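A.B. asks: I would like the entire structure built from these sequences, with the hints used as guidance.
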Amino acid sequence: MTGRRAGARETILVLDCGSQLSQLIARRVRELNVYSELLPCDTPLQRIEAAEPRGLILSGGWDSVDSPGAPRVDPGIFALGVPVLGICYGMQLMAHMLQGRVVRAPEREFGPSDLEVLGSPSLFRGTPARQRVWMSHGDEILEPPPGFTVVARSTHSRCASMADDARRRYGVLFHPEVAHTAHGLAILDNFLRPICGCAGTWRMDSFIGEATAAIRERAGSGHVIAGLSGGVDSSVMALLIARAIPPSQLTCLFIDNGLLREREADEVIAAFARVYRLGVRRVDARARFLAALAGVTDPEEKRRAVGRAFVEVFEREARAIGPVEFLAQGTLYPDLIESTSFRGPSAVIKTHHNVGGLPETMKLKLIEPLRELFKDEVRRLGRELGLDEALVTRHPFPGPGLAVRLLGEVTEERLAILRQADDLFIRELKDTPGASGGSLYDETAQAFAVLLPVKTVGVMGDGRTYENVLALRAVTTDDFMTADWARLPHDFLARVSARIVNTVRGVNRVVYDVSSKPPSTIEWE
4 MTGRRAGARE TILVLDCGSQ LSQLIARRVR ELNVYSELLP CDTPLQRIEA AEPRGLILSG
64 GWDSVDSPGA PRVDPGIFAL GVPVLGICYG MQLMAHMLQG RVVRAPEREF GPSDLEVLGS
124 PSLFRGTPAR QRVWMSHGDE ILEPPPGFTV VARSTHSRCA SMADDARRRY GVLFHPEVAH
184 TAHGLAILDN FLRPICGCAG TWRMDSFIGE ATAAIRERAG SGHVIAGLSG GVDSSVMALL
244 IARAIPPSQL TCLFIDNGLL REREADEVIA AFARVYRLGV RRVDARARFL AALAGVTDPE
304 EKRRAVGRAF VEVFEREARA IGPVEFLAQG TLYPDLIEST SFRGPSAVIK THHNVGGLPE
364 TMKLKLIEPL RELFKDEVRR LGRELGLDEA LVTRHPFPGP GLAVRLLGEV TEERLAILRQ
424 ADDLFIRELK DTPGASGGSL YDETAQAFAV LLPVKTVGVM GDGRTYENVL ALRAVTTDDF
484 MTADWARLPH DFLARVSARI VNTVRGVNRV VYDVSSKPPS TIEWE
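Just so you know, we're using this note's numbering here: the sequence shown kicks off at 4 and counts up by one.
Derived from the structure by calculation, the hints contain no laboratory data.
Derived lysine to aspartate or glutamate pairs resembling EDC-like cross-links, with alpha carbons at most 16 Å apart:
no.	residue 1	residue 2
1	Lys-368	Glu-315
2	Lys-366	Glu-328
3	Lys-433	Asp-445
4	Lys-368	Glu-328
5	Lys-366	Glu-320
Label-pair restraints from in silico Cβ distances:
no.	residue 1	residue 2	range
6	Glu-387	Ala-419	37 to 47 Å
7	Leu-369	Arg-133	45 to 55 Å
8	Val-460	Gly-325	54 to 64 Å
9	Asp-426	Glu-110	48 to 58 Å
10	Arg-104	His-398	44 to 54 Å
11	Ser-518	Ala-438	15 to 25 Å
All of these numbers come straight from a predicted model, not from anything done at the bench.
For glycine and all other residues, C-beta sits at the position ideal for the given N, C-alpha and C.
C.D. replies: Structure (C-alpha cells):
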C-alpha cells in the first residue's frame with residue numbers, strides 16, 4: 004500500500020455485503036469518533052486503496068458464502084496491509100476466501116447468545132470472559148483459515164470469533180454494532196484504536212464542514228429548491244443548505260398536501276420565518292394530492308403516488324421560480340435501505356416517497372446531505388446548527404403524511420377523523436409527565452394514531468353504533484432501524500381512549516399496538 008499522506012483523515016471503510024445493519028456499523032464507528040464510509044462490497048480495489056483506510060470492516064449479509072452470486076470482496080484487500088474485521092457473513096467470507104471451511108450450522112443462532120472468550124485476545128481487551136452477544140446466522144466456521152486461532156465460542160458455535168494477530172485479521176460471528184451485544188462498542192473500539200491505530204478525532208462539526216463543502220461543490224451556481232416539511236430531517240437539511248450557498252440560490256418550499264397534522268403548516272412556516280429568517284414559500288397542493296390518491300388503497304402505490312405528486316409540484320414551482328437545477332431533500336439512511344437495495348443484495352422493506360417513489364422522468368437533480376445519517380445523528384447535527392430544541396425532538400412524520408396512517412382509501416372525511424384523534428393523542432402525551440422528568444412525548448421516539456379500514460359495533464347511550472377502529476402506536480428507539488413498543492401507563496391509555504371515543508365523531512373503539520420492529524415496521528403502511 005502506498006505511504007499515507009501527511010495529515011490524512013483517519014478513515015474506516017465498511018464494505019457492505021448486504022446486511023440491513025451495514026450503515027449501523029459505520030454509525031458506531033463514527034460514535035467512537037473515527038470517520039467511516041460505507042461502500043459496496045464489490046468496490047474496486049483501486050477505489051479502496053485511494054481512500055487510504057486505517058482499517059476495513061466486512062459487514063454481515065443474508066446469503067451463504069458458497070451460494071451462487073453470493074457477495075464477494077476483491078481478494079486484494081487482504082494484501083493491503085491494513086487490519087480487517089469480518090462481522091457475521093463478513094467473518095464467514097474472510098474464512099472462505101482465506102482457505103478456511105464454512106458449513107451449514109446444525110443449529111442456527113438468532114437472538115441473544117452467551118459468548119465465552121478464550122484467553123486474552125486483543126479484540127476483547129477489557130471485556131468480560133463471559134458476555135451476552137447478539138447472533139443472526141445459519142452457517143458456521145468449521146475450520147478457521149491457516150494462521151487464525153479460535154478466540155471465542157458461543158452457545159451453538161465452536162468458532163464465534165477468530166484472530167490472526169500477526170496479519171491483523173479478525174472475525175466475530177455476532178453483531179457488535181447492535182445494542183443487544185453488551186460490550187459491542189468496546190470490541191469495536193479495540194479494533195479501531197489499538198489494532199488500527201486510530202486516535203479518534205472526528206466530530207460532528209467535522210461533518211458540517213465536509214457536508215457544506217460537498218453541497219457547495221455540487222450546487223455550483225445552480226438554484227436549489229428545498230422541500231421543507233418542518234420535521235427534524237428537512238429542517239436540518241434546510242439549515243445545512245442555507246449555510247452552504249447564498250440566499251439567492253435557495254428557495255424553501257412547504258408543500259401543503261392536505262395530508263398534514265392539525266395546524267402543522269401554519270406552525271412550521273411561522274417558526275422558520277421568526278427564528279431562522281429563512282423565507283419559506285407555501286404551496287397549496289391539497290387538491291392535487293387528494294386527486295392522485297383517489298381510490299388508491301395499496302400502501303406501496305400510495306407512496307409512489309405521493310412521490311410523483313411531490314415531484315410534479317416541485318417541478319411546476321421550479322418553472323415558476325426560474326431556472327432551477329436541484330431539489331434538496333432530508334432523506335436519511337433508514338429511508339434508503341427500506342426503499343431500495345441500493346448498495347447490494349439487501350431486501351426492499353417499503354418505498355419511501357422521496358426515494359423509491361420518485362419518478363424516473365424527474366428532471367431535477369437531487370441534493371441529499373443527510374443520506375448517510377441515522378435519526379439520532381441528525382438530531383445531534385441539528386443542535387450543532389442551532390435548531391430549536393422543540394424541532395430537534397419532534398417526532399418523525401412520514402413524507403406521505405396521514406395517507407399512510409389512514410389504511411384504505413384516503414378521503415377528506417377519513418382524514419378529518421384521523422387528524423383530530425392524532426392531535427388529541429399527541430397533546431395528551433405532551434401534557435402527561437413521564438418517569439424521567441420530561442413528558443411521555445419526550446420518552447417516546449415516535450407516536451401517532453392509525454385509522455383502520457374496519458368498523459365495529461359499539462354502544463353509546465342507549466343506541467347502537469357501527470363506527471371506525473382507531474389504533475394508537477408509540478415506540479422507543481435510538482436509530483429507527485429497530486424499535487420496541489412504548490410501555491405507556493394503563494391509566495394514560497384509558498384516559499386517551501375515553502377522550503377519543505367521546506370527542507371524535509366516527510370512532511367507537513381504540514386499540515394499542517404492542518408490536519416491535521422487527522417483525523413489524525414502525526408505520527403501519
